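Hey, can you work out the whole structure from these sequences and the hints?
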Amino acid sequence: MRLSKLLTVSALAVSLAVPAMTGAAFAQDKPVVGLVMKSLANEFFKNMLEGAEAHAAEKGTYELRAVGMQSETDIETQINAVENFITQQVDVIVIAPADSRALIAPLKRAADAGIEVVNIDVELDPQAKTDAGVELAFVGPDNREGARMSGDTLAAELGQGGKVVILEGNPGADNAIQRKLGFDDSIAANGLELVDSRTAHWETEEANSVFTNMLTANPDIQGVMAANDSMALGVVKALEAANRTDIKVVGFDNISAIRPMIQEGKVLATVDQFGSQMAAQAIDKALEVLAGAPPLEGWIKTDLALITADTQN
Amino acid sequence: MIETPTTPPPASRSPMVKNIIRESGIAIALLLLVLVFSLTTEHFLTTANVTNILTQVTINLILGVGITFVILIGGIDLSVGSVLALCAVVGGTVMNLPGLGVIEAVTFATLASVAVGIACGMLNGLISAYWGLPSFIVTLGMLNIARGAALTVTDARTIYSFPPAFNAFGSQTFFGVPLVFLVALLLVLVSWFVLTRTVFGRILYGIGNNEEAVRLAGHPVFWYKVAAFTIAGAAVGVGAMIYVARLNIASPIIGVGFELNAIAAVIIGGTSLNGGRGSVLGTLLGAFIIGVLANGLVLLGLSDFMRQMITGGVIILAVIVDKYRERLST
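Just so you know, the protein sequences line up as chains A and B, in that order. Here the first sequence stands for residues 3 to 315, numbered as in our numbering. Here the second sequence stands for residues 26 to 355, numbered as in our numbering.
Bear in mind the hints are in silico, worked out from the structure with no lab data behind them. On a predicted model such as this, the values are computed, not experimentally measured, just so you know. Cβ coordinates follow ideal geometry from the N, Cα and C atoms, glycine included. You can take every hint at face value.
What follows is a list of derived Cβ distance ranges for each label pair:
| hint | chain 1 | residue 1 | chain 2 | residue 2 | range |
| --- | --- | --- | --- | --- | --- |
| 1 | B | L125 | A | K32 | 47 to 55 Å |
| 2 | B | V202 | A | Q90 | 55 to 63 Å |
| 3 | B | L211 | A | L183 | 43 to 51 Å |
| 4 | B | L325 | A | A190 | 20 to 28 Å |
| 5 | A | E60 | B | D180 | 17 to 25 Å |
| 6 | A | E195 | B | L70 | 21 to 29 Å |
| 7 | B | W248 | A | K32 | 55 to 63 Å |
| 8 | B | R240 | A | E266 | 56 to 64 Å |
| 9 | B | L214 | A | E242 | 25 to 33 Å |
| 10 | A | E52 | B | F218 | 44 to 52 Å |
| 11 | B | F161 | A | A56 | 37 to 45 Å |
Here it is in structure tokens:
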């Protein structure tokens, strides 16, 4: 049945943004919330969009306009989306910024235009915010803390002196940096030995190759910390190919493909940051402010949960 | 590269001889790399590591072989990474259709994957040849269309359950040689035969050298062009199934940037971006140079950023060397 969708492919416009306009049929007087996400090709943001749509439909007190983009780094599309929302005079903008600095100027314009702006997912650079003279609250998870939780599970399994490697996300990406710091925290606190740390750009195939080569160079590796589950999947396949059942793996994100691996014990742990609820939570906070609550400030941390074979059941 | 007094005057050299001269240069470069890594790292020249390298070059090699056909006629295919994702998710969806036995599921999935690749490649060819558009633009469009289609087919979800026998194929080795690499090698050999031993192949070279002359000779240039893009698409379909077998996932976001690696393999392999010169054996060597570099530099413990810079440098170096080789061999 999904194949039938394929037949409509030729009719698909090659749009550079992926507009997902929803709720246009709602009454005009409801507050309008503009949600700007990163790539909807990423399951994380796909879930976030669905969570927000479900939330909007359930509450029925606001109109949701959501925009995604084509790739993780498509900064310009996001800036355009923010500017379009300013033109449309929406009441709230909730944004998962593609870049922690580049989005500050357009968001300041939005705030100056009286729009309630809430930053989710990745925090905008505090220094750049100060420089621009803008105060924006951040609603999101502590990636560093999550990575530490994941790393600690591995450390508990390996014990003092365990030799580990890290697979990092995209160099320079804020969540990649935070997760690397969290892994480093765990390694330092638990007396593990870091043998090597490399990026596999969040990708399964690259993680498979890069980790295989790391393992060749360091056959005595005992544990792997992958900054996301897609890379952990590549590591698991590499371990299967090398017949190494002794090496433990932890990941991050709790994507659906990782769950059977956790059941089977191929992956020790992952972390869920409840992306599906993140946008909905931020929207609630912003609507409260519109209704007269005090303005949002600082970092409003969202939930994190460690997922292991024990917690899954 | 090796000019000896006994060689006949340049004008009389056959394309075969020219290709051998080109490829021996690339082969020497590859051997040098192998030598350096063998001497500087402990694990490079072990059976297990050679097996790893063969696995790691496989997909890039398959994509590169397909793109070689397109580059030989003076075109380019930027869509292969996205088309790979589309083929993988369509194949993965077919494999999970209810009520299929393992053999049927894998057969239908492979056919579906290759069919999707062929369809995308054929569209690339038809559109660029019919309207005389630069394939750079047409395949850039296809890059977006295929990615969007892959996301539509899966609703942006990853497919991750496949028959164990199919996954076993992805990691099985035969005397240390991965089965998936043997598939790639077979494609190289068949392509080499087609390009050098058949009229079809010679006409593709002819189109790259002088399209008008081929047209005046009465050959349907249009259909030869379509065929070159179609072959590239079919290769992507095969590569996609190998990806799924190897990594056990079919996701609409896989394969981003694969086209650039595959084009790099073709260019390092001495195939001219202007068309008409080059060979799949060069692409084989080019894919190995990229794979050996990626593997050896990690074994050496070089940082990611250094690794990236060195790989970029090698691509530029290959083109510079090619300039000199061109002068020597014509």
